[in-house]
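Spelled out from the first residue to the last, the chains are:
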Amino acid sequence: MRHVISVLIENEAGALSRVSGLFSARGYNIESLTVAPTEDVSLSRMTIISTGSDDIIEQITKQLNKLIEVVKVVDLSEAAHVERELMLIKVRATGKDREELKRVADIFRGRIIDVTDSTYVIELTGNTTKLDSFVGAIDASLILETVRTGVCGIGRGDRILRL
Amino acid sequence: MLLTGAEIVVRCLAEEKVEYVFGYPGGAVLYLYDELFKQDAVRHVLVRHEQAALHAADAYSRSTDRVGVALVTSGPGVTNAITGIATAYMDSIPMVIISGQVPTAAIGQDAFQECDTVGITRPCVKHNFLVKDAKDIASTIKKAFYIAKTGRPGPVLVDIPKDITIAKAEYEYPKSVTMRSYNPIIKGHQGQIKKAVQLLLDAKRPMIYAGGGVILSDCSEQLTKLVRTLGAPCTNTLMGLGAYPATDRQFVGMLGMHGNYEANMAMQYCDVLIAVGARFDDRVIGNPADFARIARKIIHIDIDPSSISKRVKVDVPIVGNLPDVLDDILRLLDGSADRPDQEALGEWWKQIEEWRRRDCLKYKQSDEIIKPQFVIEKLWEVTKGDAFVTSDVGQHQMWAAQYYKFDKPRRWLNSGGLGTMGVGIPYGIGVQLAHPGSPVAVVTGEGSVQMNIQELSTCKQYRIPLKICSLNNRYLGMVRQWQEIIHGNRYSESYMDSLPDFPKLAEAYGHVGMRIEKPGDVEGALREAFKRKNDLVFLDFQVDQTENVYPMVMGGKGLTDMILSSEDL
Ligand SMILES: Cc1cc2nc3c(=O)[nH]c(=O)nc-3n(C[C@H](O)[C@H](O)[C@H](O)COP(=O)(O)OP(=O)(O)OC[C@H]3O[C@@H](n4cnc5c(N)ncnc54)[C@H](O)[C@@H]3O)c2cc1C
Ligand SMILES: Cc1ncc(C[n+]2csc(CCOP(=O)(O)OP(=O)(O)O)c2C)c(N)n1
Ligand SMILES: [Mg+2]
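Chains as they are written, first to last, in the numbering used here: chain A, 7 to 169; chain B, 141 to 709.
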């Protein structure tokens with residue numbers, strides 16, 4: 007099962023490598039990991055997407071909690087939450103493709119943020135499936151490069167992760 | 141007060157009442173050594189290899205309730221120390237390691253004797269720090285000691301660049317530590333504890349499985365009380381030996397791969413199992429699917445939530461500090477109107493006694509050739525069961541665990557989790573320094589002892605009168621045993637050729653050496669050795685070369701699928 011794990015961690019040098027080292031050392035899956043400081047710059051917040059059986063996910067949260075610099079761990083996917091990911095995708099945009107790409111981008115509520123006479127850079131946010139669908143919806147031969155941030159997530163309503 | 145970084149480090153150690161620092165000097169720690177030279181609150185023990193410094197500090201900790209301290213230089217000093225750090229980590233031993241680092245400005249430049257110490261040690265420490273400012277030294281060292289000894293204990297490393305040891309900073313040792321990200325749980329969940337007590341009182345076939353956590357948190361007394369109150373059998377893991385007195389009738393021996401028949405059977409066939417500071421290691425439960433085959437209720441007390449339900453699903457998890465949780469359990473038991481079901485207990489013990497009659501530790505004595513088990517039995521007799529015993533890794537380790545009946549905690553020191561050959565002598569050093577005047581035996585093999593044999597020199601310098609009992613079978617016996625049983629007697633690289641003359645080697649280091657070849661001479665040699673209170677004596681016992689350790693549960697097999705003797709092969 008796919009899980010979205012949120013981690014509040016001391017914003018200190020090396021903290022990230024403790025988390026990534028934990029996943030590789032114990033053979034846990036990691037699909038994506040995003041991290042940045044929070045409004046309180048002494049804390050960073052990570053979102054980790056991982057897959058595994060319930061037992062493995064239980065161990066992952068326990069092991070994360072065991073790291074000295076980790077302040078809090080929550081499995082967001084246990085309840086209602088939202089997920090977003092940002093993608094920048096550079097496509098070859100010439101001739102009739104220019105119109106078509108613009109049209110598809112609009113359908114997905116993407117924005118073209120860089121234009122040359124032969125390329126577009128399209129910015130798209132959404133959950134992972136939406137980004138995947140967009141990539142699937144355009145002609146693969148037109149894609150020059152893509153870059154994705156990985157998922158970040160937050161609980162809905164009163165579910166709050168803070169100190 | 142304005143002090144140099146090096147001065148601050150040494151002051152902090154004195155503040156923590158560190159008696160001994162085990163270490164080895166080098167360029168990056170010269171200023172630290174200079175400060176050690178100028179004072180006498182903290183004594184330094186110069187080992188002959190950094191690995192031994194770590195093991196000695198580790199043993200100092202294992203045999204007391206203190207934090208062991210080691211000091212090594214950057215680069216090779218640290219890499220030599222890794223085995224020792226990992227050994228302590230696997231057995232949850234509280235230690236603080238101070239390592240030198242190249243100057244801050246040189247970090248990342250492939251400087252002379254640079255290595256990424258924080259990176260290279262990360263997977264085998266509880267936590268580590270790189271100090272980048274002299275004003276952070278005191279608070280970092282304070283934190284290091286705090287983290288090492290609270291919660292699930294473990295080694296903590298503090299890496300200090302050379303320029304930081306020269307820089308000056310205002311010194312004040314913090315009185316306390318608070319960390320928002322680290323708050324080990326002390327009290328157990330009261331509802332869970334109540335549930336556990338009821339299960340224990342209702343049990344027909346209760347079983348107590350106690351491990352290293354009892355030793356680490358010094359709660360043998362509470363454990364013993366629990367076992368007596370419940371009238372249940374108790375087993376100890378390899379790390380838990382001494383937690384419950386081995387000569388007591390309710391003790392059913394060690395369990396696991398080389399555990400007693402009755403202990404393994406009781407683990408499997410009990411109806412309520414309580415795990416007390418033991419982590420269901422793979423060498424302990426055998427095949428997990430087979431272990432789960434029989435339904436029983438499992439209660440698990442551990443301070444580390446990740447130890448719980450890792451390999452074995454439990455019914456009543458209790459996260460907390462053992463002494464606190466055991467106190468709560470004992471109080472509830474005392475206050476309860478219910479008593480254990482004596483009739484059911486009687487039946488259970490009848491069954492256990494029947495298993496016990498298999499006498500799984502019996503072996504064929506010989507008049508000609510020394511049986512290794514016999515040496516340990518005699519060692520136990522001669523020392524009246526009251527010595528500190530350290531062990532290396534191999535068959536001799538298992539025989540020491542099986543035949544030396546430990547009645548007290550912190551008397552048995554060995555590497556269980558990592559299984560590090562070479563710990564024996566350095567462990568002896570740490571123990572002897574912590575307990576001057578007490579008898580210390582090192583049970584070792586001709587293979588293991590060569591992994592840190594250079595420490596005989598340290599023993600000479602610091603007058604450490606170990607009694608080294610080498611069960612010399614001219615084989616890497618544990619490896620040979622597996623090769624005999626699993627690999628069709630193909631003894632690939634397990635014969636120890638070209639062995640030195642150990643007694644002479646001991647003499648060359650300035651000690652006493654003895655070679656013992658006949659069973660009839662074993663006891664006399666041991667008595668003579670222990671009479672020489674001030675001498676290190678190396679006893680080279682020429683033992684049966686092909687003796688095996690039994691019982692044995694082969695990898696992948698269920699816990700009760702035991703080979704009891706060579707006749708079962
Ligand atoms: C050659 C060889 C053969 C071996 N064969 C066997 C064998 O037959 N049988 C056997 O038992 N072992 C054997 N071992 C050892 C085995 O590998 C493990 O090291 C050992 O079983 C672990 O012991 P333990 O479960 O007591 O845990 P430990 O490693 O001692 O861990 C202690 C547990 O207690 C917890 N704890 C610590 N402090 C507290 C506290 N204050 N409060 C609550 N909980 C606390 C910790 O979190 C941890 O989970 C063998 C090793 C070797 C090298
Ligand atoms: C550092 C290290 N290397 C290898 C091993 C694997 N190993 C486990 S037991 C053993 C043999 C030990 O031989 P010896 O010390 O003579 O003890 P014996 O088994 O013969 O009693 C070996 C090689 C280990 N545990 N540690
Ligand atoms: Mg041997």
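Hints were generated in silico from the structure; no laboratory data involved.
Each residue gets a CB set at the ideal place from its N, CA and C atoms; glycine is no exception.
Please note that the accuracy of each hint is not assured.
Reference excerpt, derived from the structure (chain A facing chain B, CB under 10 Å, subset only) [to be verified]: (1) Leu-73; (2) Arg-115; (3) Ile-119; (4) Ile-160; (5) Gly-161.
List of simulated lysine-lysine pairs, DSBU-like, C-alpha gap at most 35 Å [claimed, not checked]: (6) Lys-272(B) to Lys-72(A); (7) Lys-511(B) to Lys-68(A); (8) Lys-78(A) to Lys-548(B); (9) Lys-490(B) to Lys-68(A); (10) Lys-68(A) to Lys-272(B); (11) Lys-504(B) to Lys-78(A).
Taking each numbered hint in turn, which are not upheld by the structure, reported in ascending numerical order?
Structure breaks hints 2, 3, 4, 5, 7, 8, 9 and 11.
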